Amino acid sequence: MATSNTASRKRKYHESYIEHGFTSIITSKGEEKPQCVLCGDIFSIEAMKPSKMKRHLTSCHPEHANKDGESFKYKAQAMKRMRLDADGQFQSQTKAAIEVSYEISLKIAQMKKPHTIGEELIIPCAYDIVRLLIGEDHVKKLSSLPLSNNTVQRRISDMSNDICKQVIAEIKNTPFGLFSLQLDESTDVEDCAQLMAFTRYVRDGHLKEEFLFCKSLETTTKAIDVFEKVQVFFEMYGIQWGNLCGVCTDGAPSMLGSRSGFQTLVKDKSPTVTGTHCMIHRQMLAAKTLPDILQGILENVIKAVNWIKRRALNNRLFRQLCQEMGADHEVLLYHTEVRWLSKGKVLKRVLDLRAEMCEFFSKMGQNEFQSIFKNQNLFGLAYLVDIFNCFNQLNLNLQGRDASVLELVEKFKAFIMKMQLWSCKLKDNKYFMFPTLSEMIETSGFELNIEFINAMIKHLAILCEEFSRYFPQLSTESFTLVRDPFGMNVEDVPEIFQEEFIEMLNDSLAKNRYQTIPLNEFWLSLIEMYPLISESALRTLIPFRTTYLCENAFSTLMTIKTKKRNRLQVEDDLRCAISTTKPKIKELVLKKHKQT
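In the numbering used here, the protein residues as written are 11 to 606.
Please keep in mind that the hints were generated in silico from the structure rather than gathered at the bench. Careful, some of the hints might be misleading.
Stated by the list, open to error - Pair ranges (Cβ atoms, derived): (1) E452 with E200: 51 to 59 angstroms; (2) T299 with D502: 32 to 40 angstroms; (3) Q176 with P134: 29 to 37 angstroms; (4) E113 with E452: 55 to 63 angstroms; (5) E113 with P134: 14 to 22 angstroms; (6) N405 with G215: 28 to 36 angstroms; (7) N407 with Y247: 32 to 40 angstroms; (8) K182 with N522: 27 to 35 angstroms; (9) D138 with N407: 41 to 49 angstroms; (10) T274 with G215: 47 to 55 angstroms.
As the list claims (entries may be wrong) - Below, in silico cross-link-like pairs of lysine-lysine (DSS-like), each with a Cα-Cα straight-line distance of 25 angstroms or less: (11) K423 with K435; (12) K218 with K232; (13) K239 with K313; (14) K123 with K594; (15) K225 with K277; (16) K218 with K175; (17) K218 with K601.
It should be emphasised that the depicted structure is a prediction, and the values quoted were computed from it without experimental measurement. Every residue gets a Cβ at the ideal spot worked out from N, C-alpha and C, and that includes glycine.
Generate coordinates for the entire structure from the input sequences, incorporating the hints supplied.
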């Protein structure tokens, strides 16, 4: 061991090492160590070998592997000028350069850009900006700014780990330890299954929603595969299953299966957890049923659109015809079965271009599609446009962050009541609630026949039945304690809460808070004074009821992981891009310095 240490102390920096992108640095302990001029990383004395330096250059900075020593000398000189003062301490300018590299790397991740943009675009632009606006003398300061592809990747990884640790610490310190999850699985550009997870918990008097992880499912996507990914993550960070109060997933059998679905496996670990099927997903399923006459109109419209869109020549000819006729649109929208509500936009575009489509099919000899545009079928098409617009509006109202079960239930109940009202209006031959249909009846001069009126009434009745089937617990009675605690009687409250409930009923300050602040904040403000009843309320408010955040994150993932970046390990970039928690960059910079 002594011989090894002696050999290490005898190793000295040689000028030829610059050929491998390395200079030397004298640390505060008086030791000479090798330092990479590209990323600024400092290595042990044992790394003062050409072979190890070359390995670092080729593995961490392959884009510089074929450059000669002259290109590294300028960086080394600039680094030495800015590195150490007489006391062997880092100057603030060097710290600033590292901090800037973190800040820029964070913005690269947030903008979902490739890591190479730092070296290929940002640095050259910064050189031009400084040279032209400030002066040539200041350009040299930029030479110490580490923004290579690998450096940006490491910076993003550092910040991602820091954000993750902050979130885990917040989960562990949340009141009552309660948190919830929403999970969804989808495929990326490589057809690799990605499992996305978000969490919700109490932080600083508010409910906070945060990205938790994105993990690849290497083989199958069964319930046990999903469960094991979550289990490994929990074990890695010491998260307790017993503190999980809610889990929301889509309706896939692997997630909701009654015997071996993911939610069933979770309940084996945490029996008190609330498992829910995404309400947005259920709404789309409930909206899929149509009476035969309306289903026939929809299918014919889709066939007509696909006949034009699937043939490039037809598509070009139709575009030309639209231009000649001065239409507001020149293309039809493709229908996709995966996104059922996309039909609404398809139908609206067909209705807008009905004159152009009718003329086009006439010229092309496709008389089978002409029936779509006859009066009664056209009325049916107009109704479908209006009802799908209502579905889409409801869908948009269900989306967004911070959605509570109370708000979502209210929206569904209101929609069902409106459908019941519309049905009554149709029976009285009133159509104003469907503006497209109403306008078409007025402008056409024709009356809607009884067959179509009955079809619309039947459709609304089916929708009410389907919504009730997919949402059997829309009654808000179970949420009365959370929604309107001061309107309840003591005997209606569970016995375990009754004494605490009586104290709250006679607390004028609590009553004033209930009237002046949002419901979530009201219950969070009572945690210390009325812990039992507050915990019960939070077990209702904390669980997710949609997988909106996961769906939104998948859109971000598809932007980050493209065909040209298909080998990217996407979790770090994704966390930096969408997390609301900010990385502690100054602490990361100080940690970098302590390594020397």
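Hint check against the structure, violated hint numbers in rising order: Structure breaks hints 10, 12, 13 and 17.
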